[in-house]
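Peer 1: So the chains spell out like this:
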Amino acid sequence: MIEFLNRLFGREPSSRTAKERLKLVLLSDHLSLAPDVIEALKHDLFEVISRYVEIDAANCDVTFEQREKQVAMMANIPILGMQKRPAPPPVPPASHTNGSSKPARKASANGSGTPRRRRRKAQPQSMPQPQLAQGSPQPT
Amino acid sequence: MINQVVQDEVPVAGDVPRVRGRAIVVTSGKGGVGKTTTTANLGTALAALGASVVLVDADVGLRNLDIVLGLEARVRHHVLDVLEGVVTLDEALVTDKRVPKLRLLAAAQTREKDDVDTAAFRDLIGTLRDRFDYVLIDCPAGIEKGFVNAIAGADEAIVVCTPEVAAVRDADRVVGLLGDDRKVELIVNRLRPALVRKGKMLSVDDVNDILHLPLLGVIADAPDVIVSTNRGQPVALDPASEVGESYRAIARRITGQDSAAPEIPREKTFLGKLFGGRS
Amino acid sequence: MSARRIVLTSGKGGVGKTTTTANLGAALAKSGKRVVLVDADIGLRNLDLVLGVEKRIVFDLVEVVEGRCQLRQALIKDKRLENLSILPAAQTRDKTAISELQMTEVIEQLGALCDYVLIDCPAGIEHGFRNAIAGAGEAIVVTTPEVSAIRDADRVIGKLHERGLPVRLIINRIRPEMVRSGDMLGVDDVTEILSAELLGIVPDDEEVIDTTNRGEPIALVAESRLGAIYAKIARRLEGELVPFTTLGAPSFFERLFRKAG
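Protein chains in written order, with my numbering: chain A, 1 to 140; chain B, 1 to 279; chain C, 1 to 261.
Simulated from the structure, these hints should not be mistaken for laboratory data. Honestly, I wouldn't trust all of these hints.
EDC-like mimics (lysine to aspartate or glutamate), calculated; alpha carbons at most 16 Å apart, straight line [to be verified]:
hint: 1; chain 1: C; residue 1: LYS30; chain 2: C; residue 2: ASP94
hint: 2; chain 1: B; residue 1: LYS198; chain 2: C; residue 2: GLU207
hint: 3; chain 1: A; residue 1: LYS23; chain 2: C; residue 2: ASP189
hint: 4; chain 1: B; residue 1: LYS200; chain 2: B; residue 2: ASP181
hint: 5; chain 1: B; residue 1: LYS200; chain 2: C; residue 2: ASP189
hint: 6; chain 1: B; residue 1: LYS198; chain 2: C; residue 2: GLU192
hint: 7; chain 1: A; residue 1: LYS23; chain 2: C; residue 2: GLU192
hint: 8; chain 1: C; residue 1: LYS159; chain 2: A; residue 2: ASP29
hint: 9; chain 1: B; residue 1: LYS200; chain 2: C; residue 2: GLU138
hint: 10; chain 1: C; residue 1: LYS77; chain 2: C; residue 2: ASP94
hint: 11; chain 1: C; residue 1: LYS33; chain 2: C; residue 2: GLU238
hint: 12; chain 1: B; residue 1: LYS183; chain 2: B; residue 2: ASP221
hint: 13; chain 1: B; residue 1: LYS200; chain 2: C; residue 2: GLU216
hint: 14; chain 1: C; residue 1: LYS159; chain 2: C; residue 2: ASP189
hint: 15; chain 1: C; residue 1: LYS30; chain 2: C; residue 2: GLU238
hint: 16; chain 1: B; residue 1: LYS198; chain 2: C; residue 2: ASP210
hint: 17; chain 1: C; residue 1: LYS77; chain 2: C; residue 2: GLU216
hint: 18; chain 1: B; residue 1: LYS200; chain 2: C; residue 2: GLU82
hint: 19; chain 1: C; residue 1: LYS159; chain 2: B; residue 2: GLU112
hint: 20; chain 1: A; residue 1: LYS23; chain 2: C; residue 2: ASP188
hint: 21; chain 1: C; residue 1: LYS33; chain 2: C; residue 2: ASP94
hint: 22; chain 1: B; residue 1: LYS200; chain 2: C; residue 2: GLU206
hint: 23; chain 1: A; residue 1: LYS42; chain 2: A; residue 2: ASP56
Computed from a predicted model, the values in this text were never measured in an experiment.
This is chain A alone, in the form it adopts within the complex (with noise of 0.2 Å):
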């Protein structure tokens, strides 16, 4: 009767609830199955990063979290600054933010898979010193 009633009122079928909880607990129960899938994650996030930024690879942390109806990783990575080399080539124009350099954010994907990470434009002259946050350690 009760379920009736639900889906006069424009709930959604039981059955569709218990899909979408499912696969979500299923992908958390996969996640946890397999670490070394996580290791290479996040070897390759850190190595990607380490690219445009010189890292604290030391106190780097990624961790995944459930939220709701989705499962988010949420990664920390401390910045200690530019790196000296060269920036590799510019990526197309569509994955571009702003160029504003805050350096130890969080950086976080969430399942509908928008990533909020923000970099550096790519600067291939004599970069200037980045705008540290109050209390960093300035590199020497």
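Based on the hints, put chains B and C in the right spot on chain A.
Peer 2: Chains B and C alone, transformed into the frame defined by chain A:
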């Protein structure tokens, strides 16, 4: 490990010593007869009556208490994290927003039952009894290490049994293993009165002629349990659900608020089926 | 020539592994194959009960492994089907009573005697499970269209893949009317989530309770709807391409004409 004490878990203030909570293991031997559903719903019903309740999932590696309760997205840590000192008990306990006095302590999903030290688990149950009125332990299927761990620390047991030969046989085995020191009671689950009448299903008496246990409750088979698990909303929260009412009645019996003998569900009339049978 | 050695497993208890083992075995035997069913649920045996041979058990799997009897002495021949035999589990021991190696040896010995060895796996993914899959060359995962069962099936499929065992899926106890009303996950939902090859779809049928009470596998009940379905699954197992009949007729007639495969 210093545990923060949460206000509503300490019902008695001042000098009066707290009465120790009850630790009840929900077991069966046979899988799939409704242990997890029963643990979830009894826990919910007891908490709704005002008792402080913690549900402990002892099914390491195949946890489901979280998903039956609809709390799977909020599980961050589990029993082994607590036993191994990775987190405190309070960090591991999951709160149920719908039922303020209910907490869940989840099982580890990617570990094994052998990883749990029985004595440590028993101590944990003891700690929980000091903080909660009721500690309900969801036992895994079988009679191996998982079962041995789950019953450690519980001085009461609820045996869940369906009226089917294989389930009764396994329940009988489990009753033997529970020994004489524990209070053991029976819940007969998923009864289909129409089939019993036709002689195609064992009756409650048939089951208890073999098991000889005090009867705590009888629950009819009903499709709304499937729907409730789909949604992660225990039927005990649904005032219109008959199965929910059965669980609520069992909870009242457990707390002593109701001492009447359990009702045996009756066969549905045609009209009963139309308006009350399915939700 | 050695037999096909198939383990029937699920993770979750109570989804129908034993019922499926018994009925699939009966269907295969009925079609002329020599079949041995092995109950690997040491301590909580039930395959004997489902087949109605519980009063005829003399020796069991553990006694075979411990050398206290010959393998042939422990095998119980089904009185209804001469091609069907069962090797029962021990009831008063536990799953540590035999090792994976010992299990593998027994299964190999059995493989020389028949066309199919079907191993009924206990619930869980630990000792009993590891014993049951030792010696198997393929796996059938049985699940119901319910959240907990599917979650556990997923876990078990992962474990089977780790062992390199090919996996096929049987969806058991589906209720077409509940699928239609959105109250139960459907076949497509389940296969999408589990991504395993579908072997069979078995609808929920209250007759199974009755036949189990009597120790008579429903696959042997003449003209039974489920019997026809198990026969189809047996043919699919043999490699025949048998289409799945779509579930559900118009709702008024669905109890009469409900089909599956």
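Peer 1: For every hint, state whether the structure bears it out.
Peer 2: Here's how the hints hold up against the structure:
no.: 1; hint: C:LYS30 <-> C:ASP94; in the structure: violated, 33 Å
no.: 2; hint: B:LYS198 <-> C:GLU207; in the structure: holds, 12 Å
no.: 3; hint: A:LYS23 <-> C:ASP189; in the structure: holds, 10 Å
no.: 4; hint: B:LYS200 <-> B:ASP181; in the structure: violated, 36 Å
no.: 5; hint: B:LYS200 <-> C:ASP189; in the structure: violated, 32 Å
no.: 6; hint: B:LYS198 <-> C:GLU192; in the structure: violated, 39 Å
no.: 7; hint: A:LYS23 <-> C:GLU192; in the structure: holds, 10 Å
no.: 8; hint: C:LYS159 <-> A:ASP29; in the structure: holds, 13 Å
no.: 9; hint: B:LYS200 <-> C:GLU138; in the structure: violated, 35 Å
no.: 10; hint: C:LYS77 <-> C:ASP94; in the structure: violated, 25 Å
no.: 11; hint: C:LYS33 <-> C:GLU238; in the structure: holds, 10 Å
no.: 12; hint: B:LYS183 <-> B:ASP221; in the structure: violated, 26 Å
no.: 13; hint: B:LYS200 <-> C:GLU216; in the structure: holds, 13 Å
no.: 14; hint: C:LYS159 <-> C:ASP189; in the structure: violated, 22 Å
no.: 15; hint: C:LYS30 <-> C:GLU238; in the structure: holds, 13 Å
no.: 16; hint: B:LYS198 <-> C:ASP210; in the structure: holds, 10 Å
no.: 17; hint: C:LYS77 <-> C:GLU216; in the structure: holds, 14 Å
no.: 18; hint: B:LYS200 <-> C:GLU82; in the structure: violated, 28 Å
no.: 19; hint: C:LYS159 <-> B:GLU112; in the structure: holds, 13 Å
no.: 20; hint: A:LYS23 <-> C:ASP188; in the structure: holds, 14 Å
no.: 21; hint: C:LYS33 <-> C:ASP94; in the structure: violated, 32 Å
no.: 22; hint: B:LYS200 <-> C:GLU206; in the structure: holds, 9 Å
no.: 23; hint: A:LYS42 <-> A:ASP56; in the structure: holds, 14 Å
Consistency with the previously given hints fails for numbers 1, 4, 5, 6, 9, 10, 12, 14, 18, 21, ordered from lowest to highest.
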